[in-house]
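Protein chains: 2
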Amino acid sequence: MKWKRSERLVDMTHYLLDHPHKLIPLTYFADLYQSAKSSISEDLGIVKETFEQKGIGLLATVPGASGGVKYIPKMQETEIREIMQELISELSHSDRLLPGGYLYMTDVLGNPDMMNRVGKVFATAFADQKIDVIMTVATKGIPIAHAIARHLNVPVVIVRRDSKVTEGSTVSINYVSGSSRRIQTMVLSKRSMKSGQRVLITDDFMKVGGTMNGMKNLLEEFDCSLAGVAVLVEAEHKDEQLVEKYLSLVKLREVSEKERKIELQEGNYFAEGGF
Amino acid sequence: MKWKRSERLVDMTHYLLDHPHKLIPLTYFADLYQSAKSSISEDLGIVKETFEQKGIGLLATVPGASGGVKYIPKMQETEIREIMQELISELSHSDRLLPGGYLYMTDVLGNPDMMNRVGKVFATAFADQKIDVIMTVATKGIPIAHAIARHLNVPVVIVRRDSKVTEGSTVSINYVSGSSRRIQTMVLSKRSMKSGQRVLITDDFMKVGGTMNGMKNLLEEFDCSLAGVAVLVEAEHKDEQLVEKYLSLVKLREVSEKERKIELQEGNYFAEGGF
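These protein sequence lines are chains Z and X, in that order.
Using the numbering used here, read the first sequence as starting at 1 and increasing by one per residue.
Using the numbering used here, read the second sequence as starting at 1 and increasing by one per residue.
This is chain Z alone, in the form it adopts within the complex (with noise of 0.2 angstroms):
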């Protein structure tokens, strides 16, 4: 079958959107498409200039007999910026205020289409450095972790409170959670990591950053090294801050249960260059 320019663009733009960061010979097009190169190279042309002037992500060439062409999701700062208020607008709610002092924001963990952006905001940070792995904690920042991985085409590895039978052999370490200075467990499994991987650590939450310290000790048992730390919310605090390098999307200033009023402003994604 022949196929036309346009029925090509179209087919091809899924084609990449469903494999990011991943080379794409051209012969792999050419062959689907019956097409020549030349052909191939001109549409893959469009499909590059299209992205990168709608802020969709860049079309990276790599030339010579073992090139081809990745798609790197990258998102513009204007995007990034209306994400970064709409959760803010969003979490500021009075009624998500719980006892002691704590945010309810389950719902937006569960909204697939901002976790589907979120991911993509934390995957143009991290586009140009080598991410093997990303690294979250049970159970909500699952969603956050999944969303980035799939932006990054890289696997996802879940720390775990306790060791379960389905988890096989692991290694577990003991490590002081931020606030509270209990001593607490963190497992995961022994076949998750292979040593010398780069892992990205992401949470939906931090204060003190006693579980992200927990899981970078737990790298270390796997002799692996972080790449980088991504967060959705930080909250302010007045302890010692245990993760020195870490973005985060927004920040929680203050939250007043007497008042029911919540606090919230931008994190440090662009203050820290995560764009």
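These aren't lab readings, by the way, just hints derived from the structure by calculation.
Keep in mind that a hint or two might mislead.
Remember, identical chains collapse to one label, so a pair may be satisfied in a single copy or spanning two.
What the hints assert, rightly or not - Once the Cα atoms are required to be at most 25 angstroms apart in a straight line, the calculated BS3-like pairs of lysine-lysine come out as:
1) Lys22 x Lys74
2) Lys258 x Lys238
3) Lys164 x Lys261
4) Lys216 x Lys190
5) Lys2 x Lys74
6) Lys2 x Lys54
7) Lys261 x Lys4
8) Lys70 x Lys4
9) Lys4 x Lys54
10) Lys70 x Lys54
11) Lys37 x Lys4
12) Lys190 x Lys258
13) Lys74 x Lys245
14) Lys74 x Lys130
15) Lys207 x Lys54
16) Lys164 x Lys207
17) Lys54 x Lys22
18) Lys258 x Lys164
19) Lys164 x Lys251
20) Lys74 x Lys4
21) Lys190 x Lys261
22) Lys190 x Lys2
23) Lys2 x Lys48
24) Lys48 x Lys4
Computed from a predicted model, the values in this text were never measured in an experiment.
Starting from the known structure of chain Z, fit chain X onto it as the hints suggest.
Leaving out everything else, chain X in the frame of chain Z:
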């Protein structure tokens, strides 16, 4: 700025893929691209044909003033069978055998590309039904739930084993786990569902169906109804099945710890009319 057809096609394809099951008025595209509605209709005709030919999905057009176009993710039978076979061959490696005859699947659940495809498979089966919420139980069903939710454009709610302060008030039920006959507890945040919603429940693994049945009971507490049950791997067993109607992708026939053999076959997806 004036858009060329080729650019419109690329951008439109991205927008539609990013907004599944959402009705988009033609005027949205007409305004965005500064183009006549007739041109937009022609563009959509090309997208529609390519989507259908390549098994990406359907473009449903709703006529009239409040009408528009809706992208419905749908996979073709051949692709679904390929995914089933890929899962079977991946999961039948003998080194997945864990003590007690359990199967190590954590890496498969941590593979975002596989989860995305599994999500689309189940979204295909439930594309024509009214689904308001996807429900799963922590932890391992979460990636599947989010993947389905992303393709159906509905929120995810996560049932937990224990209540957490960040969930606010919760509804809790006791249920009998299928195989071990033990009484267990399930907890769901009160604000996570409204009465009258239709819920698709999902999990990574099902034997007798105790956990699924627990979630069904939980639905009743919220005055919600069951829209369907989607399972990645079901296991053969001799007890009474607690869940009558469900879709599975893979069936675990037999596990022999002694001979280190795992016997898998296609699940009931096609037999039960998932397609």
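Hint-by-hint comparison with the structure:
Taking the shortest alpha-carbon separations for lysine 22 and lysine 74, both the intra-copy value of 14 angstroms and the inter-copy value of 23 angstroms come in at or below 25 angstroms. For the homomeric pair lysine 258 and lysine 238, the shortest alpha-carbon distance inside one copy (20 angstroms) is at most 25 angstroms, but the shortest distance between copies (57 angstroms) is not. Taking the closest pair of Cα atoms, lysine 164 and lysine 261 come within 25 angstroms of each other only across two copies (22 angstroms); inside a single copy the shortest separation is 40 angstroms, beyond that limit. With identical chains, the CA atoms of lysine 216 and lysine 190 are at most 25 angstroms apart within one copy only, with a shortest distance of 16 angstroms there and 34 angstroms across copies.
In the homo-oligomer, the alpha carbons of lysine 2 and lysine 74 lie at most 25 angstroms apart only across protomers (24 angstroms), although the nearest pairing inside one protomer, at 33 angstroms, exceeds that limit. For the identical chains of this complex, lysine 2 and lysine 54 are inter-copy neighbours only, at 13 angstroms across copies versus 29 angstroms inside a copy, given an alpha-carbon limit of 25 angstroms. In this assembly of identical chains, lysine 261 and lysine 4 lie within 25 angstroms of each other by CA distance neither inside one copy nor across copies; the values are 58 angstroms within and 49 angstroms between. For a Cα distance limit of 25 angstroms, the shortest separation of lysine 70 from lysine 4 qualifies both inside one copy, at 23 angstroms, and across copies, at 24 angstroms.
Proximity of lysine 4 and lysine 54 under a CA criterion of 25 angstroms is satisfied in both settings, with 24 angstroms inside one chain copy and 14 angstroms between copies. Both within a single protomer and between protomers do lysine 70 and lysine 54 lie at most 25 angstroms apart by alpha-carbon distance, with minima of 17 angstroms and 21 angstroms respectively. In this homomeric assembly, lysine 37 and lysine 4 come within 25 angstroms of each other (Cα to Cα) both inside a single copy, at 14 angstroms, and across copies, at 23 angstroms. In this homomeric assembly, lysine 190 and lysine 258 come within 25 angstroms of each other (Cα to Cα) only across copies, at 23 angstroms, whereas the closest approach inside a single copy is 46 angstroms.
Proximity of lysine 74 to lysine 245 under the C-alpha cut-off of 25 angstroms is restricted to the intra-copy arrangement: shortest distance 21 angstroms within a copy versus 42 angstroms between copies. Proximity of lysine 74 and lysine 130 under a CA criterion of 25 angstroms is satisfied intra-copy only: 16 angstroms inside one chain copy versus 34 angstroms between copies. Taking CA atoms no more than 25 angstroms apart as the test, lysine 207 paired with lysine 54 passes in neither setting, with 36 angstroms inside one copy and 47 angstroms between copies. In this assembly of identical chains, the alpha carbons of lysine 164 and lysine 207 lie at most 25 angstroms apart only when taken from different copies (17 angstroms versus 28 angstroms within one copy).
In this assembly of identical chains, the alpha carbons of lysine 54 and lysine 22 lie at most 25 angstroms apart whether taken from the same copy (21 angstroms) or from different copies (20 angstroms). Taking the shortest Cα distances, lysine 258 and lysine 164 sit within 25 angstroms of each other only across copies (22 angstroms), while inside one copy they are farther apart (41 angstroms). Taking the closest pair of Cα atoms, lysine 164 and lysine 251 come within 25 angstroms of each other only across two copies (22 angstroms); inside a single copy the shortest separation is 34 angstroms, beyond that limit. Within a single copy, lysine 74 and lysine 4 get their C-alpha atoms only as close as 28 angstroms, which misses the 25 angstroms cut-off; across copies the closest is 23 angstroms, which meets it.
Taking the shortest Cα distances, lysine 190 and lysine 261 sit within 25 angstroms of each other only across copies (22 angstroms), while inside one copy they are farther apart (44 angstroms). In the homo-oligomer, the alpha carbons of lysine 190 and lysine 2 never lie at most 25 angstroms apart, since the shortest distance is 50 angstroms inside one protomer and 55 angstroms across protomers. In this assembly of identical chains, the alpha carbons of lysine 2 and lysine 48 lie at most 25 angstroms apart whether taken from the same copy (23 angstroms) or from different copies (17 angstroms). Taking the shortest Cα distances, lysine 48 and lysine 4 sit within 25 angstroms of each other both inside one copy (18 angstroms) and across copies (14 angstroms).
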